[in-house]
Amino acid sequence: MSAPLLGRPRDTELLIMSVNVRRDLGVLAVRAADRWSALRNHVAAMLRAEQPTVLAVQEALPTQARAIRAALGPAYGSIGHGRRPGPRGEGCPVFYDRERLELLDGWQRALSDRPEVPGSIAWTSVLPRVVVGARFRDRRCGVEFTLLNTHLDAFSPWARRRQAAEVHAAAVAAGTPVVVTGDLNAAEGSAPWRALTADGALRDTWRVADTRATPAWGTFAHYRTPRVGRRIDAILASAEVHVVRAGIDPRQHGGGWPSDHLPVQALVDLAPPAPGPLGEGA
0 MSAPLLGRPR DTELLIMSVN VRRDLGVLAV RAADRWSALR NHVAAMLRAE
50 QPTVLAVQEA LPTQARAIRA ALGPAYGSIG HGRRPGPRGE GCPVFYDRER
100 LELLDGWQRA LSDRPEVPGS IAWTSVLPRV VVGARFRDRR CGVEFTLLNT
150 HLDAFSPWAR RRQAAEVHAA AVAAGTPVVV TGDLNAAEGS APWRALTADG
200 ALRDTWRVAD TRATPAWGTF AHYRTPRVGR RIDAILASAE VHVVRAGIDP
250 RQHGGGWPSD HLPVQALVDL APPAPGPLGE GA
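Going left to right, the sequence shown walks through residues 0 to 281 as numbering that gives the first Met the number 0 numbers them.
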């Protein structure tokens, strides 16, 4: 079994992982690497190695979400469902360690001008897109935080920017420290990244981490040997979140890559700094 990419969380650290798991294509999966029957075993091997505190997933169909939760084990809960009415279709579920985190609130909204209408689309998007929100309390340090998970439009630059602006607004309105995870379908420095990080509300954890465990691999590796390149998958966080370490996992697990995207990870700490010797912040 592979060792954890960023090491095991210590004390009040949390391991956040985000990965686009590749939609189950069924009979349309011509290449063996694209078949969920193989990918699910690689995903399970990765999760056994990493044991994330929070796992944010994109592109998962309901059957895939159930398989992921089973692979994580009974200690994990989840929130989020398919993006179409029913609910059906791809989703952005969030899985969390219930022994470490208490779920205080959870919701899913369409990224459109009718956010409460499941399956609604807007801004030239051709498919529904969603953001899943979860408000947690860290049982270890008592701090509350909000995690937002999304998968921005793959086809329309205008839709991606508007959707990113909606996620940014949700982050600002959270009233807690915030972590945003997602497949942004756009590279660092693009309009969606700028919309998400506007006014300094969110920071790229890769850039602000104390240390990085890997090179800046391009995250859409497409089952090929990873290369340094475009990061379209991201973990962003508000300034209150101390990012201890970040990494992009280029490894195969259980004999193969778990997805055509590389998983991105951030080891974060939400605990307030310990007071200095005179009672002031260190």
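Heads up, a few of these hints could be off.
Distance windows between CB atoms, simulated [stated by the list, open to error]:
{"no.": "1", "residue 1": "Asp-104", "residue 2": "Ala-215", "range": "17 to 23 Å"}
{"no.": "2", "residue 1": "Ala-31", "residue 2": "Ala-74", "range": "47 to 53 Å"}
{"no.": "3", "residue 1": "Ser-36", "residue 2": "Thr-11", "range": "34 to 40 Å"}
{"no.": "4", "residue 1": "Pro-86", "residue 2": "Thr-123", "range": "21 to 27 Å"}
The set of hints was computed from the structure by calculation and includes no laboratory data.
Quick caveat, the model's predicted, so the values are computed rather than measured.
The C-beta atom is built at its ideal place from N, Cα and C for all residues, glycine as well.
Verification of the supplied hints:
| no. | hint | verdict |
| --- | --- | --- |
| 1 | Asp-104 / Ala-215: 17 to 23 Å | violated, 34 Å |
| 2 | Ala-31 / Ala-74: 47 to 53 Å | violated, 32 Å |
| 3 | Ser-36 / Thr-11: 34 to 40 Å | holds, 39 Å |
| 4 | Pro-86 / Thr-123: 21 to 27 Å | holds, 24 Å |
Of the hints listed earlier, those the structure fails to meet are numbers 1, 2, in rising order.
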